[in-house]
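Trainee: One-letter residues, chain by chain:
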Amino acid sequence: GAVVSQHPSWVICKSGTSVKIECRSLDFQATTMFWYRQFPKQSLMLMATSNEGSKATYEQGVEKDKFLINHASLTLSTLTVTSAHPEDSSFYICSARDFSGIYNEQFFGPGTRLTVL
Amino acid sequence: TQLLEQSPQFLSIQEGENLTVYCNSSSVFSSLQWYRQEPGEGPVLLVTVVTGGEVKKLKRLTFQFGDARKDSSLHITAAQPGDTGLYLCAGRRVNEKLTFGTGTRLTIIP
Numbered sequence: 001g002a003v004v005s006q007h008p009s010w011v012i013c014k015s016g017t018s019v020k021i022e023c024r025s026l027d028f029q030a031t032t033m034f035w036y037r038q039f040p041k042q043s044l045m046l047m048a049t050s051n052e053g054s055k056a057t058y059e060q061g062v063e064k065d066k067f068l069i070n071h072a073s074l075t076l077s078t079l080t081v082t083s084a085h086p087e088d089s090s091f092y093i094c095s096a097r098d099f100s101g102i103y104n105e106q107f108f109g110p111g112t113r114l115t116v117l
Numbered sequence: 001t002q003l004l005e006q007s008p009q010f011l012s013i014q015e016g017e018n019l020t021v022y023c024n025s026s027s028v029f030s031s032l033q034w035y036r037q038e039p040g041e042g043p044v045l046l047v048t049v050v051t052g053g054e055v056k057k058l059k060r061l062t063f064q065f066g067d068a069r070k071d072s073s074l075h076i077t078a079a080q081p082g083d084t085g086l087y088l089c090a091g092r093r094v095n096e097k098l099t100f101g102t103g104t105r106l107t108i109i110p
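Quick note, the sequences are listed as chains A and B, same order. Letter by letter, the first sequence follows residues 1 to 117 in my numbering. Letter by letter, the second sequence follows residues 1 to 110 in my numbering.
Calculated directly from the structure, the hints in this document are not laboratory data. C-beta atoms are modelled at their ideal positions from N, C-alpha and C, and glycine is treated no differently. The reader is advised that the hints may include incorrect statements.
[Stated by the list, open to error] Straight-line C-alpha distance at most 20 Å; calculated PhoX-like pairs for lysine-lysine:
| no. | chain 1 | residue 1 | chain 2 | residue 2 |
| --- | --- | --- | --- | --- |
| 1 | A | K55 | A | K14 |
| 2 | A | K55 | A | K20 |
| 3 | A | K64 | B | K57 |
| 4 | B | K97 | A | K55 |
[What the hints assert, rightly or not] Cβ-Cβ distance ranges computed for the label pairs, FRET-style:
| no. | chain 1 | residue 1 | chain 2 | residue 2 | range |
| --- | --- | --- | --- | --- | --- |
| 5 | B | P81 | A | L74 | 37 to 47 Å |
| 6 | A | K41 | B | I109 | 16 to 26 Å |
| 7 | B | T51 | A | Q29 | 21 to 31 Å |
| 8 | A | T115 | B | R105 | 28 to 38 Å |
| 9 | B | R93 | A | L74 | 41 to 51 Å |
| 10 | B | G16 | A | R113 | 27 to 37 Å |
[Stated by the list, open to error] Where chain A lies over chain B, by a calculated footprint (3+ residues, C-beta under 8 Å):
| no. | segment |
| --- | --- |
| 11 | 37-45 |
| 12 | 93-101 |
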């Protein structure tokens with residue numbers, strides 16, 4: 001099946017620094033990638049949708065200047081958390097949609113745990 | 001606003017027992033999916049249902065999509081410790097994004 005990878009799998013940073021998370025579709029082309037955030041014991045909340053070659057669409061309440069998304073190729077999207085603060089600590093999960101599937105299936109990455117000190 | 005409410009939120013049962021998890025909404029979905037997520041990992045797709053009234057079986061797991069395509073259920077027969085995890089339903093409306101349910105955390109006690 002289709003595989004989505006994320007790097008790094010976990011990161012610890014100091015408050016005020018920026019962190020970049022990569023999401024790659026390994027064996028298919030993904031014109032659309034999604035970024036989710038999951039707080040402990042909660043469900044996944046969609047942050048933004050990124051389409052290759054265009055600006056990301058952010059969900060209500062998500063600061064686009066804080067969470068920079070770049071989808072430069074059909075296999076790579078990046079999420080940069082700028083000037084991170086402890087409240088940004090969370091589990092970030094990306095997902096890529098495979099348009100060749102019958103149900104437009106989304107495949108999820110393994111997640112990146114961000115801890116901001 | 002969560003469009004999909006799951007119940008129960010938490011469930012802890014003995015190995016060998018049966019259980020049902022519900023996913024309810026007031027919205028109609030073109031398709032609905034069930035995922036299982038283990039700690040520190042991304043969600044893994046279990047099944048997709050698209051037709052009202054559809055029933056799909058995956059070994060000891062039975063998934064049903066409501067006739068009106070507003071709700072779904074997941075039934076596990078003879079639960080095993082390996083079934084432990086966070087179960088998430090997720091619905092998609094036509095030309096819209098996937099929306100996740102509130103989640104059900106299942107613990108199977110050996």
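Trainee: Are the hints correct? Go through all of them and say.
Mentor: How the hints compare with the structure:
About 28 Å separates the Cα atoms of K55 (chain A) and K14 (chain A), which puts this hinted pair outside 20 Å; it is violated. Between K55 (chain A) and K20 (chain A) the alpha-carbon distance is near 17 Å, which keeps this suggested pair within the 20 Å criterion. A distance of roughly 41 Å separates the Cα atoms of K64 (chain A) and K57 (chain B); the hinted pair therefore is violated under the 20 Å criterion. Under the criterion of a C-alpha separation no larger than 20 Å, the hint pairing K97 (chain B) with K55 (chain A) is consistent with the structure, at around 17 Å.
For the hinted restraint 37 to 47 Å between P81 (chain B) and L74 (chain A), the CB-CB distance of approximately 40 Å keeps it satisfied. Distance hint for K41 (chain A) and I109 (chain B): a CB-CB separation of about 19 Å, consistent with the stated range 16 to 26 Å. The hint said 21 to 31 Å for the Cβ distance between T51 (chain B) and Q29 (chain A), and at roughly 29 Å that hint holds. A hinted range of 28 to 38 Å for the beta carbons of T115 (chain A) and R105 (chain B) is inconsistent with their spacing of about 22 Å.
At about 26 Å, the CB distance of R93 (chain B) to L74 (chain A) disagrees with the hint of 41 to 51 Å. As the Cβ distance of G16 (chain B) to R113 (chain A) is approximately 34 Å, the hint placing it in 27 to 37 Å holds. With 6 residues bearing a CB less than 8 Å from a CB of chain A, the segment 37-45 of chain B meets the requirement of three and the coverage assertion stands. Beta-carbon proximity to chain A at under 8 Å applies to 5 residues in the segment 93-101 of chain B; the threshold of 3 is reached and the given coverage holds.
Violated hints, in rising order: 1, 3, 8 and 9; the structure is consistent with all others.
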